[in-house]
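Q: Dock chains B and C against the given chain A, drawing on the hints supplied.
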Amino acid sequence: MDIASRRITFDLPHALLVTAIAGWCLWYFLDARAASANVQNLVLIQPLAILVAILWITILRETIQVEPTAEAQEQRPARREQLDGPTALKVFGSMGLLGLYVASMSAIGLDLATFVYVLASLFLLGERRLAVLLAVPVVFTAIVVIAFDRLLATPLPLLLR
Amino acid sequence: MIDLAAFNSALHLLGSSWQPWLVLVPGLLIGLFFHAVPGLTTSMAIAICLPIIPYMDFLSALIFMTSMYTGALFGVAIPAVLLNVPGSASAVATTFDGFPMAQAGRHDEALGYALAASSFGQFVTYLLLLTLVQPIAEVAIKLGPPEMLIVAIWGLTLIARLRGRHFMRGLLAGAFGLLLGTVGLSLRGAVRGTMGFDVLLDGVPIVPAIIGLFAASEMFNLVRREFIVSDAAARRVRGGRIVRGVVDTFRYPGVLIRGALIGTGIGVLPGGHAIANMLSYSEASRSAEDPESFGRGDPRGVIAAESANASSEGGSMATLLALGIPTGGATAVMLIAFDMHNITGGPQFMHDHKDLVYAVILSNLAQVVALAVLGFGFIFVASSIVKVRLRTIIPLVLSLAAIGSYALSQNFAGPITLFVFSVLGWLMQRFDYPVAATVVGLLLGRLTEGALLRTYQMSGGDPLFLLGRPIALGFLLLLFLSFALPLWRNRRRTIRPSGTDPAN
Amino acid sequence: MRPCAMRPCAMRRYAIRNWAGLLVLLAACLPASAQDWPRRPVTLLVPFDAGGSVDRLARGLTQFMPKALGQPITVVDRVGAGGQIGTTWFLQQPDDGYTLMVTPATPFIPVNILVTGARYALDDFTFINGQWADFTLLVTPKDRPFRSARDLIEAIKANPGKLSAGIDFGSVGHISTLALMDALGLGPAGIRLVTFDGAGSMRSALAGGQVDFSIQQGEGGETVRDFIRPLAVFLDHRVPQFDAPPINEVLQPYGISVPLLNGSMRTLVAPAGFKKKHPQDYETLVAAYRRTLDNPDFQAWLKGNHMDGQWIGPERTTANIRDNFEVLKKYKDLLKN
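Chains as they are written, first to last, in this note's numbering: chain A, 1 to 161; chain B, 1 to 504; chain C, 1 to 337.
Do not rely on the hints blindly, as some may be mistaken.
[Unchecked claim] Derived PhoX-like pairs (lysine-lysine); straight-line CA-CA distance at most 25 Å:
1. C/Lys157 to C/Lys142
2. C/Lys332 to C/Lys162
3. C/Lys157 to C/Lys332
4. C/Lys162 to C/Lys142
5. C/Lys330 to B/Lys142
6. C/Lys142 to B/Lys354
7. C/Lys330 to C/Lys157
8. B/Lys142 to C/Lys142
9. B/Lys387 to B/Lys142
[Stated by the list, open to error] For each label pair, taking beta carbons as the anchor points, the in silico distance ranges come out as:
10. C/Leu334 to B/Leu464: 22 to 32 Å
11. A/Val138 to C/Asp323: 53 to 63 Å
12. B/Ser17 to A/Gly99: 24 to 34 Å
13. B/Asp248 to A/Trp24: 51 to 61 Å
14. C/Asp323 to B/Ala5: 50 to 60 Å
15. B/Asp57 to C/Lys276: 42 to 52 Å
16. A/Thr19 to B/Pro26: 37 to 47 Å
17. B/Tyr55 to C/Trp311: 38 to 48 Å
18. B/Pro470 to A/Ala53: 33 to 43 Å
19. B/Gly239 to A/Arg61: 54 to 64 Å
20. B/Thr131 to C/Asp151: 38 to 48 Å
21. C/Asp226 to B/Gly239: 50 to 60 Å
22. A/Ile57 to C/Gly185: 43 to 53 Å
I should point out that these hints are in silico values taken from the structure, not numbers from a laboratory. All of these numbers come straight from a predicted model, not from anything done at the bench. By construction, the Cβ of each residue, glycine as well, lies at the ideal position given by its N, Cα and C atoms.
In isolation and in its complexed conformation, chain A is listed as follows (with noise of 0.2 Å):
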């Protein structure tokens, strides 16, 4: 955005990140007060609140440039690298992924969940080999579910019981 020749930057994907941190140091210490306002309680947390707060201003300040002088431009972060399509894909798929198979765990068993989430993710990566894309997931899934719930006694919310 150009006004009378001085340029204005407002990053505001670090805008919200930096929000949101901070958003949540404050919620938390409004929910610690709310459990007890006694010194002793908030003896740390109302010292970082207070700090977290100056940084935040201070942080988002930064997120506007106003004609950017050479100093500011050397405190700039080395510009983000742009994803390109394929690679954000790969990242948002990895991460969407992830959700999801946390999410369908206790729904859909761990064993279940497992071997979909372990071959969707190849899928996603790039493998195309068929025999590979259905080795991997089964053996994994094996070995994990045999080795977790019955060597270890750990007992695990499986599908197949």
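A: Relative to chain A, chains B and C alone:
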């Protein structure tokens, strides 16, 4: 300092029967394996081994337990170096330089450094124990909350070193980690930040959170690469490179010995073994001529972290062996062996059975030698992972981490934590927030708050209270000097190590 | 499958040892085989660490109780938040009797309910038997000048708010400390309460002389006994292990007394629904457990492990826990902050 009669008797104990020696190698291998595979934990190893312990005699049981720990202390370094997965809090600093080395195709060397530093660190600490077990224990027991607080602050200063390019962001990441570390039921029974989830009463599950922040987020970045090591020629596992790492370790005697001493010293504090590796790393990078090389695959980083981690159990072993008081880590495990043989520790028992104490320490020295051999073979096998394509490694590591997180807490808090923190870690890295600072905060949150709170409670809020604590004052002076001296020497030096962007 | 078909090898050992043992075994198994429960292995939840005292007791039961139950038993440890995490999980399991719990029912369940916001009530549990109860003990580090409980109390009264007491939050020792201060008319401000994270770290601190005194579990005292001086026991009689008078004897000259709370009472617990829905199976469980306690091998094992194997029955156990609950309720507001 050595009671010769007891020492001879200990040699006799160990020499007259083959049974104590029989359990040493299995113990080492169990320890190595359970910590080299992300997702397996000590408590699982213990759960498997509990039934057989009553069938061993007491000395064998103690040796079995300690050799499991000896193996574990090095085992955690393997996934830390190869996959950026710290298997436990005590391997966090190993990832800082270990993983960059692996990415540069120096994985064999890095593991060689780690093995040598780990063996050396353990050897030094047990040698110290052999001669000074009583005095170490007596000093250890005198260390209380104020001393612990100063050590915690020392640990926190690492946040400033891990700040990456942006000081403010480093501080925010650190403060965020500290706050996260205090979530749950407080020491005074207040429920904080659990959002109504009972599983968070015990705090944010630490290991899943660390693995999420470090490893899982890194996996998301690695999707665009085919192998951990880009250079195809460097992907071979070469014994010669491992040996070179082992030999070259001793080219840095200063780093090695300082690490071992810091480890032993910090290890005597309750909870100290988790932070010894970070303090040692921090000191190594601070005192180096070229601190900027730390975090980019500097072997000294691996050596500093590993030698301190390895020696950090020796201190708590001293309080258990000399005074019968466990201060955590390995010693809590050894106490199970005590209980199962109906033996109540305590100074009297230890005084009457000094030969047993010596026998355990001597066997630990032997374990270290065995570890050096077994660990070598283990690296050979484990290192082959760099030959596997990342598109196979990534799903398997993430899945193992998720299942391991479940097994660790026996509920879904673990896997959910892993996921949330993996996304958070990725975002933080992308916006130049040092995740390592958050991890340091997370690890130290509870410890710092506990020590601060207890110091406040003991003193009744009176700062003059510290004057009655000479050890605390000494620590404070050391802390001050460790900051003032380098400043005075070179005011313009800045340090930028980080696990923040090992991808570069 | 007949329940006797799946026996762990441990019991085979005992059975083969003598014929009488085998007969007892058959007698135990035959009536059980006519029952509906248990048809498969039973899980015993321990909401505390593997290797701890409750865990070891539970593992002892897995050795001896299958003989009377006709099914193997496995122990699962789910640690966290003073037993609250494991106990919450326990109540989420089906109340078919295949998941039972061994826990220090008092003080932990009352404290979870009263202080740390657990979403369960005493009525959610059927307390079968408080098998092994501990008492509490007033101790001071050896380097302190207090020779007797009276010395200590005089020092507290002379220097209100100056002496420090180590506590493990929500433990019986904590509540007893508050009760003592209450009785002395000083309130919690009369001393500096120092909160440690767990009985273990508190004992280390006691051994290191970090605090002036502490009221703690009797058994735990063993490991640090060379560093501490026992001053009083929270019982109405003396005990052979520690040379210290009963606390209320010490307090008599002041014309005051404190409630004598149970230390940890390790109790076998079933979900309330099990007794209600399957009364016969519940009786089977109680009978099997009683037979286990009557087994001289089990008693010998307990003795060897410094544990108790007393039978006080569901009524007395429940009454005891309720009494403790009422006393704790009185001090609830002092605990909350």
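Q: Work down the list of hints and note, for each, if the structure agrees.
A: For each hint, the structure was consulted:
| no. | hint | in the structure |
| --- | --- | --- |
| 1 | C/Lys157 to C/Lys142 | holds, 21 Å |
| 2 | C/Lys332 to C/Lys162 | holds, 24 Å |
| 3 | C/Lys157 to C/Lys332 | holds, 24 Å |
| 4 | C/Lys162 to C/Lys142 | holds, 19 Å |
| 5 | C/Lys330 to B/Lys142 | violated, 37 Å |
| 6 | C/Lys142 to B/Lys354 | holds, 23 Å |
| 7 | C/Lys330 to C/Lys157 | holds, 23 Å |
| 8 | B/Lys142 to C/Lys142 | holds, 13 Å |
| 9 | B/Lys387 to B/Lys142 | violated, 51 Å |
| 10 | C/Leu334 to B/Leu464: 22 to 32 Å | holds, 29 Å |
| 11 | A/Val138 to C/Asp323: 53 to 63 Å | holds, 58 Å |
| 12 | B/Ser17 to A/Gly99: 24 to 34 Å | violated, 55 Å |
| 13 | B/Asp248 to A/Trp24: 51 to 61 Å | violated, 44 Å |
| 14 | C/Asp323 to B/Ala5: 50 to 60 Å | holds, 55 Å |
| 15 | B/Asp57 to C/Lys276: 42 to 52 Å | holds, 49 Å |
| 16 | A/Thr19 to B/Pro26: 37 to 47 Å | violated, 53 Å |
| 17 | B/Tyr55 to C/Trp311: 38 to 48 Å | violated, 30 Å |
| 18 | B/Pro470 to A/Ala53: 33 to 43 Å | holds, 38 Å |
| 19 | B/Gly239 to A/Arg61: 54 to 64 Å | holds, 55 Å |
| 20 | B/Thr131 to C/Asp151: 38 to 48 Å | holds, 40 Å |
| 21 | C/Asp226 to B/Gly239: 50 to 60 Å | holds, 51 Å |
| 22 | A/Ile57 to C/Gly185: 43 to 53 Å | holds, 50 Å |
Hints 5, 9, 12, 13, 16 and 17 from the earlier list are contradicted by this structure; the remaining hints agree with it.
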